[in-house]
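Engineer: If you read the sequence shown in full-length UniProt numbering, its first letter stands for residue 1, the second for the next number, and so on.
Because the hints were derived from the structure by calculation, they are not lab data. Every value quoted in this text rests on a predicted model; they were computed, and no experiment measured them. Some clues are possibly wrong.
PhoX-like cross-link-like pairs, simulated, lysine-lysine; straight-line CA separation at most 25 Å [stated by the list, open to error]:
(1) K100 x K82
(2) K129 x K72
(3) K125 x K100
(4) K82 x K35
(5) K125 x K45
(6) K117 x K45
(7) K39 x K134
(8) K100 x K72
(9) K134 x K100
(10) K129 x K39
(11) K117 x K134
(12) K35 x K90
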Amino acid sequence: MDENKNEDLTCAPILFTGDTLFIAGCGRFFEGGAKEMFKNIEKAKTLRGETLIYCGHEYTLNNLRFALSIEKENEDMINKMKEVEELLKKKKHSVPSTIKDETLINPFFRTNFYIEKYNTQDEVKILNKLRELKNYF
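Please construct the entire structure, taking both the sequences and the accompanying hints into account.
Structural biologist: Laid out in structure tokens, this is it:
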């Protein structure tokens with residue numbers, strides 16, 4: 001037990017994200033805006049790296065296609081795309097992911113990497129731009 005967080009470290013933590021976060025993606029901004037989604041993502045990023053993420057839908061392949069349109073050379077995204085394609089060919093699913101993996105493959109977790117690309121320090125604006133691009137992808 002981690003006495004500081006009252007957390008059992010002997011079992012894998014699980015996060016059920018419904019329609020908020022997906023593997024390599026995030027949900028649309030319906031009831032909240034980019035600021036609220038950014039807070040949700042930042043909170044998720046504080047969880048242990050091995051935290052399993054269970055999302056509400058299997059959008060991984062399309063999300064990775066979008067992610068690679070943003071970061072064409074990202075080896076983690078390329079490798080995950082190959083892995084997911086193989087899983088889906090075998091009629092298996094790509095869920096769950098982990099917080100650690102999402103920090104490598106999910107552009108919505110990686111807004112700090114796009115500061116120069118989008119010419120702003122404001123990560124909420126970057127998140128909003130990414131979501132707009134994804135909406136029309």
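Engineer: So, against the hints stated earlier in the document, which numbers end up violated here?
Structural biologist: The structure conflicts with hints 4 and 12, although it agrees with all the remaining ones.
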